[in-house]
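Chemist: Sequence:
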Amino acid sequence: MKRWLALIPVVVIVALTVLFVGWSLKRDPTYRPDALVGQNVPETVLPLLDGDRAGDQHVDLKTAGVGKPMIVNVFASWCAPCRIEHPKLLELKARGVAVVGIAYKDDPVATRAFLDELGDPFAMVLVDREGRAGLDLGVSGVPESFAVDALGRITAKSSGPLVTDADVERLVAALPTAPRSPPTATQHAR
Numbered sequence: 175m176k177r178w179l180a181l182i183p184v185v186v187i188v189a190l191t192v193l194f195v196g197w198s199l200k201r202d203p204t205y206r207p208d209a210l211v212g213q214n215v216p217e218t219v220l221p222l223l224d225g226d227r228a229g230d231q232h233v234d235l236k237t238a239g240v241g242k243p244m245i246v247n248v249f250a251s252w253c254a255p256c257r258i259e260h261p262k263l264l265e266l267k268a269r270g271v272a273v274v275g276i277a278y279k280d281d282p283v284a285t286r287a288f289l290d291e292l293g294d295p296f297a298m299v300l301v302d303r304e305g306r307a308g309l310d311l312g313v314s315g316v317p318e319s320f321a322v323d324a325l326g327r328i329t330a331k332s333s334g335p336l337v338t339d340a341d342v343e344r345l346v347a348a349l350p351t352a353p354r355s356p357p358t359a360t361q362h363a364r
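Quick note on the working numbering: the sequence shown kicks off at 175 and runs consecutively.
It is worth saying that the hints were derived from the structure and are not from the lab. Don't take every hint at face value.
Using 27 Å as the maximum straight-line C-alpha spacing, the simulated DSSO-like pairs for lysine-lysine come out as follows [as the list claims (entries may be wrong)]:
#1 Lys262 x Lys236
#2 Lys279 x Lys267
#3 Lys236 x Lys279
#4 Lys242 x Lys262
#5 Lys236 x Lys267
#6 Lys267 x Lys242
Input sequences plus hints: build the corresponding full structure.
Modeler: Now the structure itself:
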């Protein structure tokens, strides 16, 4: 009887392993929750990159677009996929799309060297050495990009590098074509 009791933990472990493997085979590995889509950009104040250091001027990510649509791109100099997507970001800049960069858990000296080497596609670069904005945005890894409308609402998210024209167009299509004015008190009363 005692021998059978000793087998119970083994049976439980085997059963849990079978359940986990079954779940793993049924889940979609490309699924990534876009929890913030439709929500406002978190209020996260970060310093601007000034040369090769975090500058004295700070910008709230929520107002970084100054009433215009933008793409927020979370990147790092140490991130290999960020190098792969960089030409697509330069194309966005050439098209007149405002791209705000967040240097995630990166040394400002390394960030500046990265941008000097590959070109600077950003309207501004915010320094996020501790990863605060990454946490606020729910970033699971870099690079990640967010389409943000003129009112500061996230309209689309892309996890991973932007490597195809379709990746880029999906984000650009989520941006409104013209800046909108903020709602007034009379609009709220309706």
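Chemist: Compare the distance between the alpha carbons of lysine 236 and lysine 279 with 27 Å, and conclude whether the hinted pair is satisfied.
Modeler: holds (20 Å)
Chemist: Please verify whether lysine 267 and lysine 242 have alpha carbons no more than 27 Å apart.
Modeler: Answer holds: lysine 267 to lysine 242 is near 14 Å, not above 27 Å.
Chemist: Given the hint that lysine 242 pairs with lysine 262, does the C-alpha gap stay at or below 27 Å?
Modeler: holds (20 Å)
Chemist: Below or equal to 27 Å on CA atoms is what counts here, so check lysine 262 against lysine 236.
Modeler: With a Cα-Cα distance of about 24 Å, the restraint between lysine 262 and lysine 236 holds, given a limit of 27 Å.
Chemist: For the pair supplied as a hint, lysine 279 and lysine 267, is the alpha-carbon distance within the 27 Å limit?
Modeler: The given pair, whose Cα atoms are some 24 Å apart, holds under the 27 Å limit.
Chemist: Would the hint linking lysine 236 and lysine 267 be met if the CA-CA limit is 27 Å?
Modeler: Given pair lysine 236, lysine 267 holds - Cα atoms ~20 Å apart, limit 27 Å.
The structure meets every hint from the earlier list without exception.
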